[in-house]
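There are 2 protein chains.
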Amino acid sequence: MDRNAEFKRWKAQGLSKADLSRKGSVDEDVVELVQLLNGREQYFTTSSCAGRIILLDGNINGFEVQKQNCCWLLVTHKPCVKDDVIVALKKANGDAILKFEPLILHVQCRQLQDAQILHSVAIDSGFRNSGITVGKRGKTMLAIRSTHGLEVPLSHKGKLMVTEEYIDFLLKIANQKMEENKKRIERFYNCLQHALEKETITNSHPKEKIKDKNNSSYTHKKKRNPEACGKCIEENDKELENDDDPGISVTIFPEDY
Amino acid sequence: MDRNAEFKRWKAQGLSKADLSRKGSVDEDVVELVQLLNGREQYFTTSSCAGRIILLDGNINGFEVQKQNCCWLLVTHKPCVKDDVIVALKKANGDAILKFEPLILHVQCRQLQDAQILHSVAIDSGFRNSGITVGKRGKTMLAIRSTHGLEVPLSHKGKLMVTEEYIDFLLKIANQKMEENKKRIERFYNCLQHALEKETITNSHPKEKIKDKNNSSYTHKKKRNPEACGKCIEENDKELENDDDPGISVTIFPEDY
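Protein sequences, first through last, are from chains A and B.
Take the first sequence: its position 70, counted from the start at 1, is 70 in UniProt numbering, and no numbers get skipped.
Take the second sequence: its position 88, counted from the start at 1, is 88 in UniProt numbering, and no numbers get skipped.
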């Protein structure tokens, strides 16, 4: 079976399967993005979480939280108030931890070039920890991830280690991160739409392909027309930009990384 | 210039350049790993941080920490005690945040297949947020990242929001995460050495290549010989394993992802 046909088969299988998550549906804030991707022949999403605030009760025998030894006290994809957390914390008898987890989206791509385009859009939209995985059978997957988290231990062996005032302070930060995450999702949607339009135009005018390539958002992203994709940002990558970072040892910073 | 020659040139350029980090040298805990990679013709490292505990003073005008508006109060690659943090916190007049950041390593790879092998080893060693980037000029980079962080707001507008007892509790967790990070680096080193040895044997016996391929650590990682790479783990990926996770919507979990 050729590559294209195999991808089509994978996609049909993938999209026909039941949603296996406990929630059973795609989060509201990523529905449009998921639809945009699944509407294109070269992509389909395999898992998604729009972003969430979670409170979990960790291992009571140690500090390390292992999934199998922890339980979920609270999960919300909406802004969260102090009282919700205080009530949920009463059920904790281990080491409770509050986390904000930003968007995570896995997209299977027809070929490497499709993953590269999507990766470029993700990075430009602020999802700096995104990366491609190429499986042994050639399955090409892009994981879209942000650096934008929060992970705060709140209690130890059931005993609350912080004040209610601190929880209130913390939730303001978590809610603000959720808001910023939502903006990045919107930015990602807009940038993606723009990149896909450009690509469609390029592909439907093959004679102009080479000429147009020099203006495409993928090949010259830094010269991208700000009108067409006004919300795209050229954000600094904390991992790679080391001028004022005393901890990362750098031997080379590749120009076109 | 062919692909191999171009990579050689990049590598020679990269390794001859001065270390641009403020620290000016590779962190002790990753020196061996960096040497192992740079000693192989198909890889070279472009930046590294072994893992660190940092205390930074965020933007005093809002919650959001932007790098340009924050300063580093404390950075350490070693376990940290309460008094160090207490002293450093006295200099904070914004929103101080304590973070644990695990290993981050960028490795440029000769070709996609080399990146795939390294990626597989990284995932198996616990660095689940690793991913490949393929640049427009074909530069292939693997970013090795862990899910294993901590990010805790400590003060607001210079006012400490937690107790000293909490800081002590928090540092125990941060130090334990640093210890676990160190173990993962060792595991990564051992697994990588094993994978590279296997690959060398395969390449030096091309007639047996197809036969051997079925036993290589890359193609059959789940059947990897536990004696040869005893420290490798098959850890669950929180991103992808969704059975007891109410937040991630899944339509398909690819078998060989």
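Because the hints were derived from the structure by calculation, they are not lab data.
Ideal Cβ positions, reconstructed from N, Cα and C, are used throughout, including at glycine.
Among the hints, erroneous ones may be present.
Chain B stretches covered by chain A per the calculated footprint, using a threshold of three residues with CB under 8 Å from any CB of chain A [to be verified]: (1) 78-87; (2) 125-132; (3) 145-154; (4) 181-193.
Taking the hints in turn, this is what the structure says about them:
1. 78-87: The restraint on the stretch 78-87 of chain B is violated, since only 0 of its residues have a Cβ under 8 Å from chain A and three are required.
2. 125-132: As far as the stretch 125-132 of chain B goes, the hint holds, because 4 residues have Cβ atoms under 8 Å from chain A.
3. 145-154: holds (count 6)
4. 181-193: violated (count 0)
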